[in-house]
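2 protein chains.
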Amino acid sequence: MPTVASRAHEAARSIQKVEAFFKTYNASVNETPAIADFTFGNPHEMPLPGVVSALKTHAEPQTVDWFAYKTNEAGACAYLANALTEELGLPFSEEDIALTKGAFGAIKMCFTMLLEPGDECIVPLPGWFCYGPMLAAASAKEVQVPLDPSSFDLDLSAIADAITTNTRIVVVNTPHNPTGRIYSRADLQDLADLLEAKSAEIGRRIWILSDEPYRRIRFDDLGFTTPAVVYPHTLIDYSFGKILLAPGLRLGYLAISPTLPQSEREELQTLRFAVQMADGWNVPDATLIYAIPDLDKVSIDIASITRRRERMLGALNQWGYQMTKPEGTFYLWGRAPGGDGDEFSRRLQDSGVYVMPGSIFDRPTDFRLCLTATDEMIENALPFFQAVANEMPR
Amino acid sequence: MPTVASRAHEAARSIQKVEAFFKTYNASVNETPAIADFTFGNPHEMPLPGVVSALKTHAEPQTVDWFAYKTNEAGACAYLANALTEELGLPFSEEDIALTKGAFGAIKMCFTMLLEPGDECIVPLPGWFCYGPMLAAASAKEVQVPLDPSSFDLDLSAIADAITTNTRIVVVNTPHNPTGRIYSRADLQDLADLLEAKSAEIGRRIWILSDEPYRRIRFDDLGFTTPAVVYPHTLIDYSFGKILLAPGLRLGYLAISPTLPQSEREELQTLRFAVQMADGWNVPDATLIYAIPDLDKVSIDIASITRRRERMLGALNQWGYQMTKPEGTFYLWGRAPGGDGDEFSRRLQDSGVYVMPGSIFDRPTDFRLCLTATDEMIENALPFFQAVANEMPR
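Top to bottom, those sequences are chains Z and H.
FYI, in the numbering used here the residues of the first sequence are 1048 to 1441.
FYI, in the numbering used here the residues of the second sequence are 1048 to 1441.
Hints in this document: simulated from the structure, not taken from any laboratory.
Glycine is no exception: its CB is placed at the ideal position from the N, C-alpha and C atoms.
Just so you know, not all the hints are guaranteed correct.
According to the in silico footprint, chain Z covers these stretches of chain H (three or more CB under 8 angstroms from chain Z) [claimed, not checked]:
#, segment
1, 1097-1106
2, 1182-1193
3, 1288-1296
Taking the hints into account, I'd like the entire structure generated from these sequences.
Okay, structure coming up:
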């Protein structure tokens, strides 16, 4: 008699490499304390004062129902709809916004809303490692489609080839984790044209999930286009966890594109709460909902992230590393000297420098650095990056 | 081309009556302000000071990773394992505890962990109205099985009749919402014997989900037995939302029974995090995790709930109402005078007294009162309960 459902095993299998890395990392840090930690998108400095004060302010109850059941509170949704309208240039209404437990919650909501068991969802490779397990939990199937191997742009012919009659969602992650690529409006328009044609061909609507948690973390004054502008059948997920560097506080949203045909837009709006409830009351804590307007004014210092990007890229390129210059996110992506990301990260680890091997992203030649590391960590680490580059054959 | 997945529509259909009630309720309250609100399990007095101070205390960061990604934090899980060991008399270890977003999150986790699409889950009737939509989201099937119509005890022969080869979970909700029944150890033992026999018969393990959010809200010094004591294949869900009367703060857990055969216990422990992540990072906010030991010492005033129970039961019984005396929870359940719960609640509503019609629980002759209403609300409302009883035929 099997104990556990196949979807639970499938989810575990899908995240197995990350869990194994995390265990090794924890064990290693105990043995060799980190002089520099470039692994997960976690904070290495004290939380932003604006986050702390927002939490404390809104923990103070003002009404008897301060901590009563909260859903898609009208004020918070209206605030976000206005902010999004201004930011993305589309006329969002408060009914287009579902308040969720971070982007994880929003992605979960999208999957429950759109996927039948057995449906396929196309995700980018390299890409975030949690789409797979989440799709497994929804009894759906992850289809990894490689990005262009040099530019990390969308590879439309690869996407076209991957589409079957079971395809339901194409995930666009922009700015892209781990490469930092921001997709151009022209490229998104081409994707939209492809998906219109393919939807007609398979007789079923293919949606875009635009995964935008890094949307406001961009370099060099680069612009941003959401796929919702060019493709009406788009849902947008967002998290406050990145810009606040506080992923332990779960606040995000799923937004319905206002360009969706009205009948479908209303259908999604109407089902919004039922899906959130059915997914385990997928609504942020009351305190965070009240805090949205305050938190929306808080951000990590993008100038610091930019400075770290420059410092790391300058040094690594000089030592022969082949790095991708990110346009957004707080990651650096590149090829490990010698082309073995696991070996590379093990060697650095011996010196207390922790990076994420590309194997976690199914790209074992590469590695990822997270620039939430401090300036001090970067200076500590650079000599070891230089040494390892010298040790390992190009 | 259908817009939305069938599971989303199914979830919405399943919660449709509650959503419709909620809309009517909101519209009515705007027109006829509540002089007494006995509907949802929401607070009607200012939050408990212990909750507010715990939130503020633990919003103050003590380390750089204060708001970093949190999972099943060892300290919090160990604390809860110890507390549960003492409370339930079973030797829980910290690995048996998964920290979840309230009981909703824990129930979600249980469903993802155990159910294949198409599997059946037996739930009590009358009973909580959110099992159905959550099962729909998991592409599983709700099978409502009536409790004994007078005692509201488990009806073992009805459960036996409902079991098929697809049965995977039987939900036991104790203390029971809406009737307040606490199941005896002897009855739970009989259920355990039945499920052992039936599991062998169908060649597949049937689990108990013991839904215990009201476990610590009991009257008259009554004891409590968790089904985990008599049936090893039991998962326990708990929420802090009831005892703190703060359902807008999402804190709960799923606990694996320590009596589970070791290999299965370890299998569940090992899959714990993958399932939580795959369900949308189903982990409480960092602040609440830190606050667990403090929050565990806070409780609504059970003496006040008891006093309200006595006052309402005394008055209603005197006017000919047929009420069930609850052993736990903060609800009162009874038959509407005249036997039409919808009409009964409409009449009270016209006077600003809001109750929950039994139709929401698929028991249209009955109604539910929530004793989180204030003493003042109760005194305001009682004359109208008397008047409606006089108006409506017995």
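Margin query: Run through the hints listed earlier and report the numbers of any the structure violates, in increasing order.
Written below: none
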